[in-house]
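Peer 1: Sequence:
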Amino acid sequence: MEQLIARILADAPLRTHRFHGRPHWDRVAEFGRRIAAAEDLESRLITLFAYFHDSKRENEGIDPDHGPRAADYVLTFAASELRISPGDRERLAFACRYHTHEEPTDDWTILACWDADRLDLGRVGITPDPDRLHTATAKMIACRDLRPESR
Numbered sequence: 002m003e004q005l006i007a008r009i010l011a012d013a014p015l016r017t018h019r020f021h022g023r024p025h026w027d028r029v030a031e032f033g034r035r036i037a038a039a040e041d042l043e044s045r046l047i048t049l050f051a052y053f054h055d056s057k058r059e060n061e062g063i064d065p066d067h068g069p070r071a072a073d074y075v076l077t078f079a080a081s082e083l084r085i086s087p088g089d090r091e092r093l094a095f096a097c098r099y100h101t102h103e104e105p106t107d108d109w110t111i112l113a114c115w116d117a118d119r120l121d122l123g124r125v126g127i128t129p130d131p132d133r134l135h136t137a138t139a140k141m142i143a144c145r146d147l148r149p150e151s152r
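Just so we're aligned, residue 2 is where the sequence shown starts under our numbering, counting upward by one.
Note that these hints are calculated values from the structure, not bench results.
Take these hints with a grain of salt, some might be off.
The calculated label-pair distances, taken between Cβ atoms and stated as ranges, are [unchecked claim]:
1) 125 / 80: 13 to 21 Å
2) 130 / 82: 33 to 41 Å
3) 66 / 122: 17 to 25 Å
4) 127 / 82: 29 to 37 Å
5) 81 / 19: 15 to 23 Å
6) 137 / 73: 27 to 35 Å
7) 10 / 66: 18 to 26 Å
8) 101 / 12: 17 to 25 Å
9) 76 / 10: 17 to 25 Å
Computed cross-link-like contacts, DMTMM-like style, restricted to lysine to aspartate or glutamate with a CA-CA straight-line distance of at most 20 Å [said to hold, decoys possible]:
10) 140 / 107
11) 140 / 121
12) 140 / 40
13) 140 / 108
14) 140 / 130
15) 140 / 61
16) 140 / 103
17) 140 / 41
We put the beta carbon where it would ideally sit given N, CA and C, even for glycine.
Take these sequences, add in the hints, and give me the full structure.
Peer 2: So this is what it looks like as structure tokens:
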């Protein structure tokens with residue numbers, strides 16, 4: 002995975018930026034691991050999402066096309082390079098494409114990807130809203146973080 006992450010970083014315009022670069026990706030990956038373990042979901046797909054989803058962002062402000070660019074970037078990799086099936090590569094591209102403007106899905110792994118990203122909104126001063134999260138684990142994490150003793 003580290004070689005793949007290094008390749009993504011090398012191609013990412015904002016790789017070192019605080020809000021949408023590697024520090025954010027690492028936190029999304031950690032939230033994703035926690036959700037995947039608790040919900041029995043596909044952790045590799047969620048981890049890949051963490052490192053791809055903002056990799057083609059061009060600025061730290063408004064960049065509505067960064068999700069579609071990330072999805073297109075995912076599709077430049079063979080499924081075997083990502084160590085996932087071709088179908089999972091399509092799911093990963095879908096998760097990246099729609100992570101800011103969610104498209105309806107009943108795929109819990111994709112929903113967990115979006116939850117993992119949303120749980121890191123605190124980095125930009127936004128408290129994650131449990132009502133906008135999908136998985137029970139993400140809702141629990143968000144509610145725990147809202148308690149006064151966690152601040």
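Peer 1: When the hints from earlier in the document are held up against this structure, which numbers fail?
Peer 2: 1, 5, 15
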